[in-house]
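K.L.:
Full structure from sequences and hints, please.
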Amino acid sequence: MNPQIPLQNKFIVASPLKDDHFEGLYKVAADPLIWIQHPNQDRYKREVFEIFFKHALKSKGAYLIQDALSKEIIGSSRFYDFNYHLNSTFIGYTFFKRTHWGSKFNYSCKILMLDHAFKTLNKVIFHIGKFNIRSQRSIERLGAKWVKEIEIPYAGEPLRLNYEYEIEKKLWPDIRYKLVEYFNSKFYPENLL
Numbered sequence: 005m006n007p008q009i010p011l012q013n014k015f016i017v018a019s020p021l022k023d024d025h026f027e028g029l030y031k032v033a034a035d036p037l038i039w040i041q042h043p044n045q046d047r048y049k050r051e052v053f054e055i056f057f058k059h060a061l062k063s064k065g066a067y068l069i070q071d072a073l074s075k076e077i078i079g080s081s082r083f084y085d086f087n088y089h090l091n092s093t094f095i096g097y098t099f100f101k102r103t104h105w106g107s108k109f110n111y112s113c114k115i116l117m118l119d120h121a122f123k124t125l126n127k128v129i130f131h132i133g134k135f136n137i138r139s140q141r142s143i144e145r146l147g148a149k150w151v152k153e154i155e156i157p158y159a160g161e162p163l164r165l166n167y168e169y170e171i172e173k174k175l176w177p178d179i180r181y182k183l184v185e186y187f188n189s190k191f192y193p194e195n196l197l
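Heads up: the sequence shown is residues 5 to 197, going by our numbering.
Keep in mind that the hints were calculated from the coordinates and are not lab data.
Keep in mind that a hint or two might mislead.
What the hints assert, rightly or not - Restricting the straight-line Cα-Cα distance to at most 27 Å, the calculated cross-link-like pairs of lysine-lysine (BS3-like) are:
| no. | residue 1 | residue 2 |
| --- | --- | --- |
| 1 | Lys173 | Lys64 |
| 2 | Lys101 | Lys182 |
| 3 | Lys127 | Lys182 |
| 4 | Lys14 | Lys134 |
| 5 | Lys173 | Lys149 |
| 6 | Lys152 | Lys14 |
Unchecked claim - Per label pair, the in silico range of CB-to-CB distance:
| no. | residue 1 | residue 2 | range |
| --- | --- | --- | --- |
| 7 | Glu54 | Lys75 | 22 to 28 Å |
| 8 | Gly106 | Glu153 | 23 to 29 Å |
| 9 | Asp119 | Ser189 | 26 to 32 Å |
| 10 | Leu73 | Asp23 | 33 to 39 Å |
Values in this document were obtained by computation on a predicted structure and should not be read as measured data.
Where is the CB? At the ideal position from N, CA and C, for every residue including glycine.
P.N.:
See the structure below:
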């Protein structure tokens, strides 16, 4: 899997993250309420976000997410920690502008990234902060299965307590079908995804 190719659907454009994206993405990340349930609630601070951004670039799998119609920067997500032996990768470090929470953008982004990953990989894993209830509900709605509670070091940050979830390739077609049905029933009366 190439984690650095541009991805796009009708709703979002996911471009490989570059140095010159910092200011635009930080304008989104500077909202303290985005991080209120995250394990690191200080990511809205410039010096903390600089560390986050540096590790995003280092991952070589991070994306700048834009609204496909307006081209507005609305967030970021990334592939990271590819495991050759397990034929797996992680998707995470995802955040969106609060104006885009609970909307079509997060689901369409995840579907796009999962479709890309499952072209070649057998498993996608997610770490969600133990107290990040909003993201846990979202990933469960996405069809991910809870695996375990685990302490992990976020890139450039100390150990944090997380829940680990996964989706296996063999289950993805059924999960995707149900997810698209949910997406269309919630956001669109027609099959637009």
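K.L.:
Look at each hint and say if it fits the structure.
P.N.:
Comparing the hints with the structure gives:
no. : hint                        : result
1   : Lys173 / Lys64              : 23 Å, holds
2   : Lys101 / Lys182             : 26 Å, holds
3   : Lys127 / Lys182             : 18 Å, holds
4   : Lys14 / Lys134              : 32 Å, violated
5   : Lys173 / Lys149             : 12 Å, holds
6   : Lys152 / Lys14              : 34 Å, violated
7   : Glu54 / Lys75: 22 to 28 Å   : 24 Å, holds
8   : Gly106 / Glu153: 23 to 29 Å : 26 Å, holds
9   : Asp119 / Ser189: 26 to 32 Å : 20 Å, violated
10  : Leu73 / Asp23: 33 to 39 Å   : 26 Å, violated
Comparing the model with each numbered hint stated earlier shows that hints 4, 6, 9, 10 do not hold.
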